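Sequence order for the protein chains is A and B. Using this note's numbering, read the first sequence as starting at 1 and increasing by one per residue. Using this note's numbering, read the second sequence as starting at 1 and increasing by one per residue.
In case anyone wonders, no lab produced these hints; they're calculated from the structure. A few of these clues could be false.
To be verified - Reference listing, derived: stretches of chain A covered by chain B, where coverage requires no fewer than 3 residues with Cβ under 8 Å from a Cβ of chain B:
#, stretch
1, 111 to 124
2, 129 to 138
As the list claims (entries may be wrong) - Think about it this way: if two alpha-carbon atoms lie no more than 30 Å apart in a straight line, the pair counts; the simulated DSS-like pairs of lysine-lysine are:
#, chain 1, residue 1, chain 2, residue 2
3, B, Lys150, A, Lys109
4, A, Lys110, B, Lys229
5, A, Lys127, B, Lys5
6, A, Lys77, B, Lys145
7, A, Lys111, B, Lys150
8, B, Lys5, A, Lys111
9, B, Lys145, A, Lys187
10, A, Lys67, A, Lys56
11, A, Lys214, A, Lys77
12, A, Lys127, B, Lys145
13, A, Lys188, A, Lys29
14, A, Lys56, B, Lys237
15, A, Lys29, A, Lys206
16, A, Lys56, B, Lys145
17, A, Lys239, A, Lys214
18, B, Lys145, A, Lys214
19, B, Lys5, B, Lys237
20, A, Lys111, A, Lys127
21, A, Lys77, A, Lys174
22, A, Lys111, B, Lys138
23, A, Lys67, A, Lys187
24, B, Lys237, B, Lys150
Only a predicted model underlies this, so the values are computations on that prediction, with no experimental measurement involved. Idealized CB from N, CA, C, for every residue including glycine.
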Amino acid sequence: MISFNHVTKSYGEEITAIDDVDFTVEEGKIVVLLGPSGCGKTTLLRMVNQLESITKGEIVINGENSKDLDPIELRRKIGYVIQSNGLFPNMTIEENVMIVPDLLGWNKKKKRERFEYLMNLIGLDPKDYGKRYPHELSGGQQQRIGVVRALAADPPVMLMDEPFGALDPIIRDKIQEEFLQIQREVKKTILFVSHDIDEAIKMADKIVLLRDGKIMQFDTPSEMLAHPNNEFVSQFFGKDRAIKSLSLHTVQNLREVIGLGPVDEAIQDTKTIHVHQDLRNTLSMLLNQEADQVIVKDEQDENIGTITIDMVQKYLHFEIKGKMSASQEG
Amino acid sequence: MKRKKIIGNSVRFALYAAVAVFFIWAISNSYFDYIFSQSDTFLVLLRQHVVLVLVSSLLAILIAVPAGILITRPKFKKVEWVFSNIANLGQTIPSLAVLALMISILGIGFQTAVFALFIYSILPIFRNTVAGIDSIDKNMIDAAKGMGMKPHQILFRIELPNSAYSILAGIRTAVVLNIGTAALAYVVGAGGLGVWIFTGINLFDNGFLISGAIPVTLLAILADYILRKVEYIVVPKGSRRVEKA
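The following block holds chain A by itself, in its conformation from the complex:
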């Protein structure tokens, strides 16, 4: 758990980079710091592992005030991932990943086992990749190594500063999925910086939206999309925020609320979609469809019904617009 208690950072009298920030990252959750560039999100992240000083207030990490801890000890207990992966070109992949365990003085056998476990987690062969150097890997692989390096000593807390920002959209999407998969297994407390709204919606349990060092809103992604606190928040998420919010819902959610249409066996020209597909992708597939019928399949690959654009619209109206209009009235 990371608690920010009225944290302020200022340079001299004039400039306030972080202004009375107060929120908590619950154990095992991902909180995304989101905002336009210069809003202070990276500064705030770096204050946690004392790469930046705190002017006022305190940051409490798992019950300990960060001010009372030795910065070196503290940093070794916090995983740290940066955008430009920060791998050391003079070291092999294995040496890179095992830096913190090495600093902590783990023995060879323990390090070896941990390395194999981590590499299997990201689907890279530890024997093959261990002896290679960073420049011999692709950008996506380097970033994966950057992530497992932060996990190496099994720290309870992780700081990630736009970890997937430098990757191309297709690879980024894949690595995000992969990372969420890993997170389900390791359940770290994560503070994650991003400027990408879609990434924030996808990764976050909760989002902190920052502007000029102040918190504009601290909420779950769906709440933030449905009930923006103020003009800035709704503008930041854009006019298409209803569509964005669809990525938080799956075909399964829709099925539970309004059900699916019957399958017409007579129609030959069909496409299929998985029941756990999110609605945003489903909608874009429906808009692109050349087939006469889109059939939903469940885990057992059985046909369980059909879906149409009208149904997505209806669901959007009930689930999301319903909330939005309620918020406008309230």
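Dock chain B against chain A, hints included.
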């Protein structure tokens, strides 16, 4: 690509041919005879030359590399320009002038020559050390810090291995320059192969001139070759490619 190769090969061939013609000319005029007829003197001069270069280069490395490291520490970052300018100034004074100045302080002889050569070798080593460390990606240092590396661990595990190529290139430049400049040691009475070169100039004797100059050249080429081999051993495999790219 093919054209480049042809040009490259023809230049190389012309160079080899020129060197071969030179040696044929020199040998047919028996200009190398002094090396064999006065081999005792030759070996003494060669030894003096090598010792001058070794002592002054080692001193320069011992001073310039730590100075370069020190100046790139955050505490000293602000005064970096002062030291860079002093080192630059050292290089702009002609080597003969440095020698002449040193005579008035240290008198003539070995120590004067060593000191002048040492002053002259500092700059390339110092400058390359600073440039090598400064060129390391700041994000990499940030990552190292963020993972809880102590300053000395960052220096020895990250900064020095990744700037080794640049530092060694500076040492190589300094040593090769030094071998040539050491021929001037004759002027302050410190011996070396310069003795034969200057004798050759004074007597218009090509034999002395070439018997002195060619070994100096070969010595420089040999030093360059050896230091490149050292580079291959010292520079970590992963950072070698980055520097060459």
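* **Given hint Lys214/A paired with Lys239/A - CA-CA distance at most 30 Å** => Distance of about 23 Å is within 30 Å: holds.
* Verify the proposed pairing of Lys237/B with Lys150/B, using a straight-line Cα cut of 30 Å. => This hinted pair holds, its Cα atoms lying about 24 Å apart.
* Asked: Against chain B, does the stretch 129 to 138 of chain A show at least 3 residues with beta-carbon separation below 8 Å?
  -> As far as the stretch 129 to 138 of chain A goes, the hint holds, because 3 residues have Cβ atoms under 8 Å from chain B.
* When you check the alpha-carbon spacing of Lys188/A and Lys29/A, does it fall within 30 Å? -> holds, 7 Å
* Quick one, are Lys127/A and Lys5/B close enough, alpha carbons at most 30 Å? -> violated, 40 Å
* Asked: Given the hint that Lys56/A pairs with Lys145/B, does the C-alpha gap stay at or below 30 Å?
  -> holds, 23 Å
* Taking 30 Å as the top limit, are the C-alpha atoms of Lys111/A and Lys138/B close enough? -> holds, 28 Å
* Hey, Lys67/A versus Lys56/A, does the alpha-carbon distance stay inside 30 Å? -> The hint holds at about 11 Å.
* Holds or violated: are the alpha carbons of Lys145/B and Lys214/A at most 30 Å from each other? -> Given pair Lys145/B, Lys214/A holds - Cα atoms ~27 Å apart, limit 30 Å.
* **Given hint Lys109/A paired with Lys150/B - CA-CA distance at most 30 Å** => holds, 25 Å
* Asked: Lys56/A and Lys237/B: Cα distance at most 30 Å?
  -> violated, 46 Å
* To do: Tell me if chain B covers the stretch 111 to 124 of chain A under the three-residue, 8 Å CB rule, please?
  => It is violated, with 0 qualifying residues against the three required.
Violated hints, in rising order: 1, 4, 5, 8, 14; the structure is consistent with all others.
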